[in-house]
Amino acid sequence: MKKNTLYPMEKEFLGNKDDEPKVIYGSLYNVQLGSKIKQLREERKLTQTQFGALINKPEGNISKLENGKFNPSVEYLLKVAKALEMRLEIRFE
Numbered sequence: 001m002k003k004n005t006l007y008p009m010e011k012e013f014l015g016n017k018d019d020e021p022k023v024i025y026g027s028l029y030n031v032q033l034g035s036k037i038k039q040l041r042e043e044r045k046l047t048q049t050q051f052g053a054l055i056n057k058p059e060g061n062i063s064k065l066e067n068g069k070f071n072p073s074v075e076y077l078l079k080v081a082k083a084l085e086m087r088l089e090i091r092f093e
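So that you can map any letter, position 63 of the sequence shown is 63 in full-length UniProt numbering, and since no number is skipped, the others follow by simple counting.
It should be emphasised that the hints constitute simulated quantities derived from the structure, not laboratory data. In this text, a Cβ means the ideal position worked out from N, Cα and C, and glycines have one as well. Among the hints, a few may not be true.
To be verified - Pairs of lysine-lysine residues, derived as DSBU-like cross-links and limited to a Cα-Cα distance of at most 30 Å, are as follows:
| # | residue 1 | residue 2 |
| --- | --- | --- |
| 1 | Lys45 | Lys57 |
| 2 | Lys64 | Lys36 |
| 3 | Lys45 | Lys64 |
| 4 | Lys38 | Lys69 |
| 5 | Lys79 | Lys36 |
| 6 | Lys38 | Lys64 |
| 7 | Lys64 | Lys79 |
| 8 | Lys36 | Lys82 |
| 9 | Lys69 | Lys82 |
| 10 | Lys36 | Lys69 |
| 11 | Lys57 | Lys38 |
| 12 | Lys57 | Lys69 |
| 13 | Lys64 | Lys82 |
| 14 | Lys82 | Lys38 |
| 15 | Lys57 | Lys82 |
| 16 | Lys36 | Lys57 |
| 17 | Lys45 | Lys82 |
| 18 | Lys69 | Lys45 |
| 19 | Lys79 | Lys45 |
| 20 | Lys79 | Lys57 |
| 21 | Lys69 | Lys79 |
| 22 | Lys79 | Lys38 |
As the list claims (entries may be wrong) - Now the in silico label distances, taken between C-beta atoms and shown as ranges:
| # | residue 1 | residue 2 | range |
| --- | --- | --- | --- |
| 23 | Leu88 | Val31 | 11 to 21 Å |
| 24 | Phe92 | Thr47 | 12 to 22 Å |
| 25 | Glu93 | Thr47 | 11 to 21 Å |
| 26 | Ala53 | Glu93 | 10 to 20 Å |
| 27 | Gln50 | Glu93 | 13 to 23 Å |
| 28 | Phe92 | Thr49 | 29 to 39 Å |
| 29 | Glu93 | Gly60 | 26 to 36 Å |
| 30 | Gln50 | Phe92 | 31 to 41 Å |
| 31 | Thr49 | Glu93 | 28 to 38 Å |
| 32 | Ser63 | Met86 | 28 to 38 Å |
| 33 | Pro58 | Glu93 | 28 to 38 Å |
| 34 | Glu59 | Lys82 | 25 to 35 Å |
| 35 | Leu88 | Ala53 | 16 to 26 Å |
Assemble the whole structure, with the sequences as input and the hints as a guide.
Given below as structure tokens:
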């Protein structure tokens with residue numbers, strides 16, 4: 001019986017096993033973070049252009065953020081949280 005695995009997806013998001021862990025986890029984190037920001041923006045019925053105006057960033061920058069192709073600073077995330085009327089929490093567990 002063939003086993004279903006997430007290997008193809010793991011390879012796409014995590015890269016090869018020889019990749020540096022920082023790159024692997026950073027990429028996955030950016031994709032998850034971007035997806036969450038997009039979900040929250042859409043729940044508030046904001047376009048990327050409108051959202052960008054709230055944080056003083058161009059639409060293309062918002063697109064990169066939501067698609068995990070941008071590594072935002074804490075200052076940037078604070079602006080995002082404020083625009084979404086949310087609190088930013090950073091945890092070390």
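Going through the hints against the structure:
| no. | hint | verdict |
| --- | --- | --- |
| 1 | Lys45 / Lys57 | holds (18 Å) |
| 2 | Lys64 / Lys36 | holds (13 Å) |
| 3 | Lys45 / Lys64 | holds (19 Å) |
| 4 | Lys38 / Lys69 | holds (13 Å) |
| 5 | Lys79 / Lys36 | holds (15 Å) |
| 6 | Lys38 / Lys64 | holds (11 Å) |
| 7 | Lys64 / Lys79 | holds (16 Å) |
| 8 | Lys36 / Lys82 | holds (15 Å) |
| 9 | Lys69 / Lys82 | holds (21 Å) |
| 10 | Lys36 / Lys69 | holds (14 Å) |
| 11 | Lys57 / Lys38 | holds (15 Å) |
| 12 | Lys57 / Lys69 | holds (15 Å) |
| 13 | Lys64 / Lys82 | holds (19 Å) |
| 14 | Lys82 / Lys38 | holds (15 Å) |
| 15 | Lys57 / Lys82 | holds (14 Å) |
| 16 | Lys36 / Lys57 | holds (18 Å) |
| 17 | Lys45 / Lys82 | holds (16 Å) |
| 18 | Lys69 / Lys45 | holds (23 Å) |
| 19 | Lys79 / Lys45 | holds (18 Å) |
| 20 | Lys79 / Lys57 | holds (10 Å) |
| 21 | Lys69 / Lys79 | holds (18 Å) |
| 22 | Lys79 / Lys38 | holds (15 Å) |
| 23 | Leu88 / Val31: 11 to 21 Å | holds (19 Å) |
| 24 | Phe92 / Thr47: 12 to 22 Å | violated (34 Å) |
| 25 | Glu93 / Thr47: 11 to 21 Å | violated (35 Å) |
| 26 | Ala53 / Glu93: 10 to 20 Å | violated (35 Å) |
| 27 | Gln50 / Glu93: 13 to 23 Å | violated (34 Å) |
| 28 | Phe92 / Thr49: 29 to 39 Å | holds (35 Å) |
| 29 | Glu93 / Gly60: 26 to 36 Å | holds (34 Å) |
| 30 | Gln50 / Phe92: 31 to 41 Å | holds (33 Å) |
| 31 | Thr49 / Glu93: 28 to 38 Å | holds (36 Å) |
| 32 | Ser63 / Met86: 28 to 38 Å | violated (20 Å) |
| 33 | Pro58 / Glu93: 28 to 38 Å | holds (35 Å) |
| 34 | Glu59 / Lys82: 25 to 35 Å | violated (19 Å) |
| 35 | Leu88 / Ala53: 16 to 26 Å | holds (20 Å) |
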